[in-house]
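J.: Residue numbers (the working numbering), protein chains in the order written: chain A, 1 to 245; chain B, 1 to 248; chain C, 1 to 732.
Do not take every clue at face value.
Pairs of lysine-lysine residues, derived as BS3-like cross-links and limited to a Cα-Cα distance of at most 27 Å, are as follows [claimed, not checked]:
hint : chain 1 : residue 1 : chain 2 : residue 2
1    : A       : 50        : C       : 600
2    : C       : 100       : A       : 50
3    : C       : 233       : A       : 40
4    : A       : 115       : C       : 600
5    : C       : 233       : A       : 143
6    : A       : 229       : B       : 152
7    : C       : 77        : A       : 40
8    : C       : 77        : A       : 143
9    : C       : 77        : C       : 483
10   : B       : 234       : A       : 229
11   : A       : 50        : C       : 276
12   : A       : 229       : B       : 134
Pairwise CB distance ranges, derived in the manner of DEER restraints [said to hold, decoys possible]:
hint : chain 1 : residue 1 : chain 2 : residue 2 : range
13   : A       : 33        : C       : 447       : 33 to 39 Å
14   : C       : 49        : A       : 33        : 27 to 33 Å
15   : C       : 554       : B       : 51        : 52 to 58 Å
16   : C       : 653       : B       : 40        : 56 to 62 Å
17   : C       : 573       : A       : 47        : 47 to 53 Å
It should be emphasised that the hints constitute simulated quantities derived from the structure, not laboratory data.
C-beta: ideal position from N, C-alpha, C; glycine also.
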Amino acid sequence: MKKKYCMVIDSSVCIDCKACMVSCKVQHNVPRGRWRNWIKHTEPDFSMGKHTFVHFQPGGCMQCDEPSCVYACPSGATFKDEETGIVHVNEDLCIGCGNCITACPYGARYRHPVKRVPDKCDFCSDRLSRGLLPACVDTCPTKARTFGDMNDPDSDVSRLLRDRETVRVVSKPVDTKPNMFYLAETMPADWPGSVEYPAAHQAMTGFVNPLVKIAVGISGLGVAAMFLKQLFTGDETSGNDKEEV
Amino acid sequence: MKPPGMTRRRFNMSDKMIHRHDKGSIFIHWFNAFCWIFLTLTGLGLISNERINPVGGWWPNLMRTIFGSGETLLTFHIYVGLTWAAVILIYILVRFRDSLGFLKEVFTLSPARDTVWMIKRNVQLTLGNKALKKMGMTTDIPPQGFYNAGQKVFAQLTVFAGLILVVTGIIMYLSTIILNNPTPAAWSRTIHYLMAGIGFAGMLVHIYMAAISRDERPAFKSMFSGMVPEDYAKHHHELWYKEVKDKS
Amino acid sequence: MKDKMPPLSRRKFLKTSLAAAAISTGAGSPLVKSLVPRAHASGGRPQAPISSHFTVCDMCFNRCGMIARVQNGVITKIDPNPGFLKSRGMLCARGNAATKHIYDPDRLKYPLRRTGKRGEGKWERISWDEALDYTAEKLLEIGEKYTRCGVMFIPGSDMQSQFVNRFAEVFGSFNITSHETLCLLSKNRAYLDTLGEVPYPDVYYSKYIIIAGANPFEAIITPDTMDFFEARKNGCKIIVLDPRFTKTAALADEWYQIKPGTDMAFFLALCHVIVKEELFEAEGCCPIRTYGFDEFFLHIQKYTPEWAEKECGIPAEDIIRIAREITAAAPAAMVYPGRRTSDYEDSTQIRRAMAITNALLNNFDKPGGLLAIREVGVKTPYYDVPWYDDNPFDRVEAGMVPGLIDHEGSFQLMRDAIISGEPYPIKGWFNFKTNFMQTAANRNKTLEMIDHLEFIVNIDIAMTDTAWYSDVVLPGASFLERKDPVSALQGSSACACAVMRDPVVPEMFESRSPFWICQQLAKRMGLGDSFDFTLDEYRKQQVDGLDGALEAMKMMGVYYNPSRTYDIYAGSPLKTLTGVKEIYNQRYARAGVDPMPVYKRPKQPSENEFRLVVGRTAFFTHSNTNNELLTEFMEENTLNMHPEPAARMGLKDGDLVEVKSRAGQGRLRLELTQGIEKQTVYMATGFGALSPGMSLVHNKGASISEVLEDYYDEISGNMAMHETLVTVRKVA
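All chains should be modelled from the sequences, with the hints used to inform the complete structure.
T.: Here's what the structure looks like:
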């Protein structure tokens with residue numbers, strides 16, 4: 001049966017200790033200034049006095065079901081693996097156009113300064129194949145992150161999804177169907193940007209593609225007409241034709 | 001004498017032949033053709049995003065099956081593309097005067113004559129002389145030079161598109177190697193696809209004209225033999241024929 | 001005009017083309033591969049084989065179990081040991097960053113001897129033999145001229161510190177002190193003098209916890225930090241008292257922005273309510289289980305909640321409510337003892353108030369309360385300590401305060417003694433893995449102390465500020481390269497365990513462990529007999545009687561002793577003078593110290609002054625900031641200030657300010673936050689390094705040690721870091 005990996009996060013126990021961020025960075029040699037994952041936080045309202053609080057929210061690539069990043073990639077260099085649900089980047093196919101980076105409303109991708117291709121969380125696929133949990137999940141002191149296969153009814157994530165109320169942090173207005181679930185009280189919830197396709201991509205889909213289709217269509221029609229004419233009525237030449245004497 | 005415009009001519013091999021293309025031109029034409037076709041087919045296969053590929057997902061999948069993987073497909077596309085550009089460049093440098101001559105020929109259009117030619121021939125070939133007459137035009141076509149207006153326009157298109165394809169192709173190739181800004185690669189891909197698509201549209205007409213149209217059969221044969229029948233030259237490329245005759 | 005050419009047949013054409021294609025493809029395959037960008041290793045590339053090794057972390061004192069992954073001889077990743085109960089199978093940011101600790105480009109590589117003036121930074125590389133010979137010679141020289149107590153030893157807080165301790169003792173010096181005297185000694189003192197031992201909180205099973213002046217969600221303590229959240233899931237309520245809105249405060253159920261230094265008022269008032277409303281557990285509190293209840297009853301009459309509100313700023317009704325709530329939850333309730341208590345001059349007394357509150361809750365040796373030390377079973381091998389006739393009677397700061405802790409003393413008092421030369425001179429300093437130049441208050445005084453010393457030898461992994469001022473610098477091996485003896489750890493109700501280390505990778509450059517260094521020095525100083533053993537032999541002695549301990553540590557990375565967790569005393573008397581919990585401490589009375597805590601209002605900053613406080617983050621450990629992975633979270637420290645006083649002084653967020661005290665000044669950027677009491681400012685530790693060898697924090701921000709004035713707790717001599725009042729002015 002196909003796997004569908006996801007994360008269920010209890011952000012109420014996150015203490016913003018940065019362990020998950022460092023663990024991921026070391027595991028994947030993420031360059032300085034870039035991150036594959038993050039911890040967002042609310043701004044405290046001190047007028048609440050003794051009930052003033054801050055809520056921390058760990059996150060990372062949500063391995064969406066309708067990933068706008070995949071839709072933005074014409075060459076299929078980024079794709080969602082049907083066997084696992086993980087969205088991967090095939091660096092050999094990537095030409096570094098950057099469409100996918102802008103198309104992600106969560107800012108989950110960054111352009112690798114040396115490799116010049118996008119880099120993102122892949123749920124530590126390499127560790128999974130070694131039987132280990134993703135680095136961020138493994139290291140978390142308060143075990144805020146739970147990871148597992150949603151398609152397996154006995155997994156921790158399935159049980160949490162069944163027993164607890166969960167929400168997803170969605171971009172508006174396009175819901176990319178993220179696979180990162182938060183136990184109900186997560187904050188902030190309104191931080192994702194909108195799905196933005198860069199100008200070059202919009203030119204390709206909105207202008208070039210229809211133009212090419214039309215041009216080939218007209219050309220093809222013309223060729224077909226010529227062929228049919230030739231087939232049924234024979235050649236016709238110009239009036240300057242000199243007959244063979 | 002038969003009435004004009006109603007005669008079907010067939011050009012026999014026993015007709016007197018005049019030389020039209022030399023071995024170099026023939027080679028570069030077929031080399032060019034092979035590359036363009038290969039690159040178009042593989043290029044189309046590289047747009048593996050179903051939502052964007054004009055023919056859907058089946059073609060990229062077929063290409064990947066044939067070549068083994070997307071990376072190999074891209075590898076071949078790049079290899080052939082770079083080889084093509086290199087060979088063309090070398091050819092131009094080695095046969096510099098001829099290349100300049102070629103460019104001069106295809107970029108010389110006389111608007112009045114060639115516009116008429118384009119319109120009349122287009123109608124003639126698709127709808128027939130009857131339709132042409134119905135539109136109020138005569139069936140006599142303006143004389144053409146070494147290349148007719150249609151061939152010239154197509155040549156201009158391939159030169160122009162080819163140049164842009166090479167430049168955008170190299171930008172995409174170098175993007176992950178030395179470029180620090182992703183925008184050139186993004187726009188290059190859009191423009192590369194545009195040029196390839198328009199080029200393909202033109203190619204359909206060119207291939208029809210060359211390989212299927214009976215009227216142009218001698219031209220097709222000349223891309224192997226280098227020779228065209230004299231009558232054909234007189235009829236289809238009157239101005240060039242006159243030049244050749246004047247020289248000899 | 002070209003000649004007529006023979007026609008090119010189609011067959012010939014095809015043959016030629018195919019041949020050309022075949023040749024070019026075949027010949028070009030390697031060329032093909034090299035043309036296409038394959039510099040990026042995508043997931044499909046095969047990885048070098050990975051070997052996994054158990055060890056325990058040294059990035060802070062918690063000693064979390066870890067598994068180091070090694071590829072091609074390089075540690076590429078460090079993962080938590082999932083079976084390590086004390087850490088609940090986790091690893092924090094610092095543990096993860098240990099790869100940049102061992103592979104720090106600033107690491108010391110070989111022994112160095114100073115050639116220029118101290119602090120000038122002129123060094124010559126010397127061989128180990130030279131370094132050891134020279135060090136032994138100098139130490140013996142000082143021992144001759146000034147007695148063996150003429151050398152101050154700082155053993156570090158390390159799994160090999162016991163060897164430095166041994167070396168110090170067989171050398172003959174009593175003057176062994178440590179970083180702990182900048183940290184938790186006042187808390188230890190308070191609990192020793194109330195419960196007879198230093199307890200470990202059982203956070204996991206607790207139902208009500210007051211955290212005062214501690215920040216466990218940032219200053220990670222295992223398993224406490226994690227257990228708070230499990231406890232809360234089981235209904236535990238967490239109250240935080242802190243002038244700063246720390247992350248602990250941010251995640252608490254209630255946070256009170258208490259006026260700094262007034263915690264005692266709160267707790268005395270809390271006790272007032274508990275006693276007055278008879279909320280204490282009668283059976284546990286009076287008169288059988290405590291000593292001095294009646295005296296206390298009279299003592300706290302004046303400490304009403306209304307009075308406390310005026311002192312600490314917490315509303316009286318909240319104090320009353322908390323008193324009722326916490327006693328309802330007792331005995332599975334506690335005042336969290338915390339760890340670092342180096343804050344005020346009456347720090348011990350403040351913790352006494354907390355300890356007494358805990359006594360009233362009757363939570364000692366019970367689930368959810370404060371636990372007694374659990375038996376681990378690791379032994380300390382015996383060694384002979386030679387007697388030196390000419391040695392002074394006691395350590396140099398003996399008697400300066402009534403409550404010095406054995407083998408710890410007080411660095412601050414020792415420093416004063418070195419400067420004054422009284423009661424006797426100390427002229428040498430043997431330092432391991434401690435950085436007083438960055439962590440001890442009043443850096444100028446530390447420099448003054450250094451001026452009085454004839455010889456300073458320093459073992460460390462990087463050129464810290466303290467190493468920068470030393471005479472001989474010896475490169476220490478990182479914990480990932482070391483073989484260490486067994487250490488016992490108290491894991492609260494999670495476990496009682498023993499750990500040890502075996503090298504994950506060989507010692508890098510010429511670095512060596514302190515054990516080897518002490519052994520080599522001992523040989524040269526005629527003390528070789530005290531170090532005549534291997535670590536394997538030593539370990540065997542340590543675990544004598546613990547079946548399977550060594551095997552367990554090798555196979556699982558840890559040995560668990562399933563010893564008793566609760567009711568360890570089972571009716572036996574406590575280790576106090578009276579055998580019961582002491583609310584009234586007779587020894588204090590005899591020493592002329594308040595036998596029960598008496599509230600003293602802390603000095604108030606004047607209108608243009610602020611109280612400077614210090615604290616911790618989850619990603620740095622004290623001055624161990626020179627780590628490339630961790631400085632990404634804070635590249636330089638800033639001065640936290642409330643926007644209101646800043647506005648009054650015309651200061652804006654991001655301004656470069658000078659913070660000045662009577663001890664010194666520092667320059668750093670201002671960061672405004674509402675999350676700090678209005679007359680308090682805060683700055684993080686470990687910045688403004690003088691040593692260029694701490695390249696990431698050299699001249700970045702400011703050092704707390706430069707600005708803090710030196711105060712000490714009047715009972716234990718523990719450093720008091722929150723007494724300094726500073727002025728702040730804009731520089732740029």
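J.: Take a quick look at whether residue 50 of chain A and residue 276 of chain C sit within 27 Å of each other, Cα to Cα.
T.: holds, 26 Å
J.: Would the pair residue 234 of chain B and residue 229 of chain A pass a check requiring their Cα atoms to be no farther apart than 27 Å?
T.: holds, 25 Å
J.: Starting from the range 52 to 58 Å, see whether the pair residue 554 of chain C and residue 51 of chain B falls in it by beta-carbon distance.
T.: holds, 56 Å
J.: Please verify whether residue 233 of chain C and residue 40 of chain A have alpha carbons no more than 27 Å apart.
T.: OK: residue 233 of chain C and residue 40 of chain A at ~22 Å, within 27 Å.
J.: For the pair supplied as a hint, residue 77 of chain C and residue 40 of chain A, is the alpha-carbon distance within the 27 Å limit?
T.: Judged against 27 Å, a Cα distance of about 25 Å means the pair holds.
J.: Verify the CB-CB distance for residue 49 of chain C and residue 33 of chain A against the hinted window 27 to 33 Å.
T.: holds, 32 Å
J.: Below or equal to 27 Å on CA atoms is what counts here, so check residue 100 of chain C against residue 50 of chain A.
T.: Between residue 100 of chain C and residue 50 of chain A the Cα gap is close to 40 Å, so the pair fails against 27 Å, i.e. violated.
J.: Under the criterion that the straight-line Cα-Cα distance not exceed 27 Å, is the pair residue 50 of chain A, residue 600 of chain C satisfied?
T.: Between residue 50 of chain A and residue 600 of chain C the Cα gap is close to 25 Å, so the pair holds against 27 Å.
J.: Given the hinted pair residue 77 of chain C and residue 483 of chain C, is their alpha-carbon gap at most 27 Å?
T.: Satisfied, since the Cα-Cα distance of roughly 20 Å is no more than 27 Å.
J.: Does the hinted range 33 to 39 Å hold for residue 33 of chain A and residue 447 of chain C at CB?
T.: Holds: the Cβ-Cβ distance is about 37 Å, inside 33 to 39 Å.
J.: Hey, residue 229 of chain A versus residue 152 of chain B, does the alpha-carbon distance stay inside 27 Å?
T.: holds, 24 Å
J.: Do the Cβ positions of residue 573 of chain C and residue 47 of chain A conform to the proposed distance bound of 47 to 53 Å?
T.: Since residue 573 of chain C and residue 47 of chain A have Cβ atoms about 52 Å apart, the given range 47 to 53 Å holds.
Of the numbered hints listed earlier, those contradicted by the structure are 2, 4.
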